[in-house]
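Start from the sequences, fold in the hints, and give me the full structure.
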Amino acid sequence: MSDKPTLITSRDPKGIAITGLFEAALNKAKLDEDQGQRVFEHGGELQEDILAILAKYGTPNEFANEEVSSKYGYLSGYRNPKSIADQLKILRESFPNLESANEAIAQQERPTSSEGYFAIPRWQLIAPTYGEAVEKVLDALKKQRKGKFENYRKGKLRSEYLRESDRKRLAFEQLSKEQQGHDVLVVAAQFGLRHRGRSVRRARAIMGGKEFGFGAFEIGIMLLTHQDRLLNLNDLWIDCAGDEYSPGAGGRFGGAPYFYFRGGRLEFDAHWVGDADGRYGSASAFSPQ
Numbered sequence: 021m022s023d024k025p026t027l028i029t030s031r032d033p034k035g036i037a038i039t040g041l042f043e044a045a046l047n048k049a050k051l052d053e054d055q056g057q058r059v060f061e062h063g064g065e066l067q068e069d070i071l072a073i074l075a076k077y078g079t080p081n082e083f084a085n086e087e088v089s090s091k092y093g094y095l096s097g098y099r100n101p102k103s104i105a106d107q108l109k110i111l112r113e114s115f116p117n118l119e120s121a122n123e124a125i126a127q128q129e130r131p132t133s134s135e136g137y138f139a140i141p142r143w144q145l146i147a148p149t150y151g152e153a154v155e156k157v158l159d160a161l162k163k164q165r166k167g168k169f170e171n172y173r174k175g176k177l178r179s180e181y182l183r184e185s186d187r188k189r190l191a192f193e194q195l196s197k198e199q200q201g202h203d204v205l206v207v208a209a210q211f212g213l214r215h216r217g218r219s220v221r222r223a224r225a226i227m228g229g230k231e232f233g234f235g236a237f238e239i240g241i242m243l244l245t246h247q248d249r250l251l252n253l254n255d256l257w258i259d260c261a262g263d264e265y266s267p268g269a270g271g272r273f274g275g276a277p278y279f280y281f282r283g284g285r286l287e288f289d290a291h292w293v294g295d296a297d298g299r300y301g302s303a304s305a306f307s308p309q
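Those letters in the sequence shown? Residues 21 to 309, by my numbering.
Derived by calculation from the structure, the hints in this document are not laboratory data.
Please note: incorrect hints may appear among the correct ones.
[Said to hold, decoys possible] Dumping the calculated DSS-like pairs for lysine-lysine here, alpha-carbon to alpha-carbon at most 30 Å:
1. 166 with 230
2. 230 with 109
3. 168 with 197
4. 166 with 156
5. 156 with 168
6. 50 with 102
7. 50 with 109
8. 230 with 156
9. 102 with 162
10. 197 with 109
11. 174 with 162
12. 174 with 163
13. 168 with 230
14. 230 with 163
15. 162 with 91
16. 156 with 174
17. 168 with 109
18. 91 with 109
19. 109 with 166
20. 91 with 168
21. 156 with 102
22. 176 with 163
23. 166 with 176
24. 91 with 230
25. 102 with 91
26. 156 with 197
27. 109 with 48
28. 230 with 197
See below:
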């Protein structure tokens with residue numbers, strides 16, 4: 021498997037379009053021969069200026085001040101996801117009704133910046149509503165960890181409190197179509213390290229077209245199948261950037277859930293999306309290349 025990014029060159033469709041913008045600007049400038057010669061003589065400086073422009077517009081500027089350095093990481097033993105078969109075995113201990121997954125997907129080259137493939141059930145097979153499905157996953161985590169789990173939002177996960185982001189919901193609708201006939205979807209994802217130190221809304225802004233935030237349901241499932249991800253106070257805590265939370269159920273969804281470890285137990289709560297802290301990182305998934 022390769023983790024090399026897909027690089028855009030002047031021969032690619034996007035590269036051709038960008039080159040066309042520079043051509044249009046040159047034509048609009050209407051330089052005479054002397055002006056053109058002077059620009060040519062400063063070609064090295066011009067190239068540096070162009071690189072700066074590409075970097076400026078290639079990196080989103082939204083909430084750029086909501087990002088801090090972080091040294092937190094994966095300390096409890098987790099490195100990469102288990103095989104899909106092993107994940108399915110663990111999931112069926114809590115949800116026996118889950119049947120098939122397209123395990124062959126996990127043999128494909130994983131998307132850039134993902135850590136591997138995770139088995140994510142369709143939440144509709146767990147409960148009638150998203151909030152109820154999250155509650156069931158949290159209950160399964162509490163059972164798995166022999167009671168060492170605290171849900172500080174218990175009873176406050178109904179639709180007026182918790183909802184999926186449109187971006188995540190639409191991404192899963194597409195994944196469901198592509199993996200039709202399977203109870204469990206195989207999804208390329210990362211467990212938070214990629215976005216450590218970023219606020220939830222900064223992480224959302226950074227995520228490219230094929231990347232989207234995971235929510236409380238998906239991250240709860242990942243923790244269920246990978247108990248070694250969050251067992252230490254100094255582990256990177258996990259923001260659920262794919263969900264939106266309204267603390268007062270008043271229609272303003274300015275928060276997001278998160279998982280963390282404290283006092284010898286896993287805990288679940290929600291906080292404002294503008295908090296930037298080195299302890300946190302948003303878990304995210306990647307649509308197929």
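Verification of the hints:
1. Taking the CA atoms of residue 166 and residue 230, the gap is near 37 Å; set against the 30 Å cutoff, the hint is violated.
2. Simply put, residue 230 and residue 109 have alpha-carbon atoms about 29 Å apart, close enough for the 30 Å limit, and the pair holds.
3. For the given pair, residue 168 sits about 37 Å from residue 197 by alpha-carbon distance, which is inconsistent with the 30 Å threshold.
4. As the CA atoms of residue 166 and residue 156 are separated by approximately 15 Å, the hinted pair is consistent with the 30 Å bound.
5. About 16 Å separates the Cα atoms of residue 156 and residue 168, which keeps this hinted pair within 30 Å; it holds.
6. With a C-alpha separation of about 60 Å, the suggested pairing of residue 50 with residue 102 is violated against the 30 Å cut-off.
7. For the hint linking residue 50 to residue 109, the alpha-carbon distance of about 67 Å lies beyond 30 Å, and the restraint is violated.
8. For the suggested pair residue 230 and residue 156, the alpha carbons sit about 29 Å apart, so the restraint of at most 30 Å is met.
9. The suggested pairing of residue 102 with residue 162 holds, with an alpha-carbon distance near 21 Å, which does not exceed 30 Å.
10. With a C-alpha separation of about 24 Å, the suggested pairing of residue 197 with residue 109 holds against the 30 Å cut-off.
11. For the proposed pair residue 174 and residue 162, the alpha carbon gap of about 12 Å is at most 30 Å, so the pair holds.
12. For the hint pairing residue 174 with residue 163, the CA-to-CA distance comes to about 15 Å; that is within 30 Å, so the pair holds.
13. Distance restraint check for residue 168 and residue 230: the Cα-Cα separation of roughly 35 Å exceeds the 30 Å cut-off, and the hinted pair is therefore not satisfied.
14. For a cut-off of 30 Å, the pair hint linking residue 230 to residue 163 is broken: about 34 Å separates their Cα positions.
15. Distance hint between residue 162 and residue 91 is fulfilled; the C-alpha atoms sit about 28 Å from each other, no more than 30 Å.
16. The hinted pair formed by residue 156 and residue 174 meets the criterion: a straight-line CA distance of about 11 Å does not exceed 30 Å.
17. Of the supplied pair hints, the one linking residue 168 and residue 109 holds, its CA atoms being roughly 22 Å apart against a limit of 30 Å.
18. Of the supplied pair hints, the one linking residue 91 and residue 109 is violated, its CA atoms being roughly 33 Å apart against a limit of 30 Å.
19. For the given pair, residue 109 sits about 19 Å from residue 166 by alpha-carbon distance, which is consistent with the 30 Å threshold.
20. Under the criterion of a C-alpha separation no larger than 30 Å, the hint pairing residue 91 with residue 168 is consistent with the structure, at around 26 Å.
21. Proposed proximity of residue 156 and residue 102 is supported: the alpha carbons are some 22 Å apart, at most 30 Å.
22. Only pairs whose Cα atoms come within 30 Å are accepted, and residue 176 paired with residue 163 is accepted, the gap being roughly 20 Å.
23. Proximity of residue 166 to residue 176 is assessed by CA-CA distance (about 23 Å); at most 30 Å being required, the pair is judged to hold.
24. The straight-line distance between the Cα atoms of residue 91 and residue 230 is roughly 26 Å, inside the 30 Å bound, and the hint therefore holds.
25. For the suggested pair residue 102 and residue 91, the alpha carbons sit about 25 Å apart, so the restraint of at most 30 Å is met.
26. Restraint check: the Cα-Cα separation between residue 156 and residue 197 comes to about 25 Å, which is no more than 30 Å; the hinted pair holds.
27. Note on residue 109 and residue 48: the hinted pairing is violated, with a Cα-Cα distance of about 63 Å set against a maximum of 30 Å.
28. Taking the CA atoms of residue 230 and residue 197, the gap is about 16 Å. The hint holds against a cut of 30 Å.
Consistency note: the structure conflicts with the earlier hints numbered 1, 3, 6, 7, 13, 14, 18 and 27.
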